[in-house]
Amino acid sequence: MFGYIRPVQGELLVKEYEFYKAVYCGLCREGGRRISRLTRFFLNHDFVFLYITRIAVTGEGVSASVKRCPYNLKKRCMVGESFSLTYTAAAFGVLLYYKILDDVRDSKGIKRLFKRIPLVFASPMKNRAVKLYPDLDKNVRESLEKLSGLESSDCSSPDLAADAFAGLTSYIASYGTEGKTKRVLEDCGYHIGRYVYYMDAFEDVFEDSYKKSFNPLCGYYGTPELVLESADEIQTTLKDSMAAFLRAYESAGDKSYDNLVKNIAFLGSKAAFEKSLEKLKGNHK
Amino acid sequence: MRDPYEVLGVPRGADDDEIKKAYRALAKKYHPDAYAGNPLSDLAAEKMKEINEAYDEIQKSRAGGGNSRAHAAQNEGSFYRIRTLINQGRYSEAEIYLGRVADKTSAEYHFLTGIIYLHKGFMLEGRKHLEEACALEPSNMEYSATLNNLSRAGVNMPYDVSGNTTGCSGCDICMGLMCMDMICGCLR
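Chains as they are written, first to last, in the working numbering: chain A, 1 to 285; chain B, 1 to 188.
Just chain A, with the same shape it has in the complex (with noise of 0.2 Å):
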C-alpha cells in the first residue's frame, strides 16, 4: 500500500476533515501501542481509507478523545480503541513486514546487507500483529506469493496482476465481518486495492523501464512512452473501479461517513492520478 488515496480537503466540511486527521492520529497511535513503533513512521492515507470504508459499512462505533501525541508537541485529536482499528494497524504491520523483506530479495549485494537492517525491528513487528490475527499472516502471504509468481513469469494483463494484489486487500477490508457487509466490504477493499496496484504501477513507469523490473503497463503496453500516452485509458480503468467502489459501498445501506468516503472516492482517487500523470509527464521531459 502506497498512500494514494486521500481526500481533496477543499471540498469537506471542517469536521469531516477533522475526523480524517483523528482517524489518521489513532490508527498512528494504536500501531505504535499495540504493534510497533515501526508502523508510525509509514502509516499511509490507503490504509486510512481502509479504516473509514470498514466503520461506515459496518456501523462500528468510534470514540475520540484529545490526547498527546508523543512526535508532536500539540494535542490532538484521535479515535479510541476498536477493533477495526486494531485490526488495521495489524494489517499495516504484516504487510509492512513483507514488504521490507521483498525489497531485501529484491536487491543485491552491499544494499542487500543494508536493507536487512529495518528487519531486525519487522520480525517482532510481525510477530506480534500474528498473535492478535493468527490468520491474517497466511492470507496475506499466499496472495503476496500469487502476486510475485504472476510478476517473475512477466504476466502481461495488468487485470490479472492487480487481482492479486486487489484479492489481499480485500480480504484485509472484510476480515472478521459476516453475511451482506463481508461481501460489500470484500468489493470495496477489491477495488480500493486494485486502484492502488494501477497508480503504483503507472507512477513506477519509467524506473521499472530503467531498472528492468516488471511492471504490468509496460508489459501490456509495450513501452513507458506508450503508457504515458494510453493514460486516457489507464484514467478510465480506475474511474471504473472507483464507480464500482462506490457502487458496492452503496449497496450497504444505512452507512455513515457518507460524504468523507465518497470525497475520497471519487474526487481524491481523481486528484491522485492527475497529480501522478503531472509528475511523470515532467519527468518525462
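None of these hints come from the bench; they were simulated from the model.
Predicted model, so just to flag it, every value in this text is computed and none were measured.
Beta carbons: idealized from backbone N, C-alpha and C, even for Gly.
A few of these clues could be false.
Just some of the chain B residues that point at chain A, by a computed CB distance under 7 Å [what the hints assert, rightly or not]:
(1) Asn38
(2) Pro39
(3) Leu40
(4) Leu43
(5) Ala44
(6) Gly121
(7) Phe122
(8) Met123
(9) Leu124
(10) Glu125
(11) Leu150
(12) Ser151
Starting from the structure of chain A, add chain B where the hints point.
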C-alpha cells in the same frame, strides 16, 4: 415487511408526485443496468424488489388497486444459456460455456465476455469487450447502457463536482452588483 414510506424515504403525508419522484430516484440508483457485471448485483436486485414492493403497496393502499410488473427476456442460440447462468450468478460456469462458443467475433460474445470480466473485477479487459460489442452493434441499447453505466457510480455526490466555473451563477450576479455599488459609492 418494512414500512413502505420508510423504504421510499418519504413522509406519510407525501402526495403522489413526491412518492413517484422518490420512487424514480431510488429505481434509477438501484436499477439492474447500473449493477451489470457487479458481484453485488443481487443485493441491488433485492433492494430494487423492496422498492418496487413498497411503491406497489402505497399505490394499492391509496387507490385500492394494484399493479404488477412483468419482465421478460428473450434470447436465441447458445448465448441464451450463458445469459441465464449470468443472471443466476453462476459466472464461472458461464465463462466455461462462453469458451465453447464457436462464434467469437459476434457482438453478443463480446458483451457477455465483458460482463464476466467486470464481475471478476477486470475492468480494463471488461470495458474493452463492451466497447467492441458496442462498435459491432451500435444500435443495441443494452450494450450502450451497460457501457455508459460503467463509469457512473450511480450515487448522489454530496458536493457539486461539475467543476464548471465558466458560467454566471446567482452569486456572481450578486457579487457584480455589490462591486458596482462600491465603485459608484467611491465616485459620488
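Structure-based check of each hint:
1. Asn38: Because about 6 Å separates Asn38(B) from the closest Cβ in chain A, which is inside the 7 Å limit, the hint holds.
2. Pro39: Holds. Min distance 6 Å.
3. Leu40: 5 Å, holds
4. Leu43: 5 Å, holds
5. Ala44: Holds - the Cβ of Ala44(B) comes within 7 Å of chain A, reaching about 6 Å at its closest.
6. Gly121: 5 Å, holds
7. Phe122: 4 Å, holds
8. Met123: 4 Å, holds
9. Leu124: Since the shortest Cβ distance to chain A is 4 Å, the answer is holds.
10. Glu125: 5 Å, holds
11. Leu150: 5 Å, holds
12. Ser151: For Ser151(B), the interface hint holds, since the closest Cβ of chain A sits about 5 Å away, which is under 7 Å.
Of the numbered hints stated above, none is contradicted by the structure.
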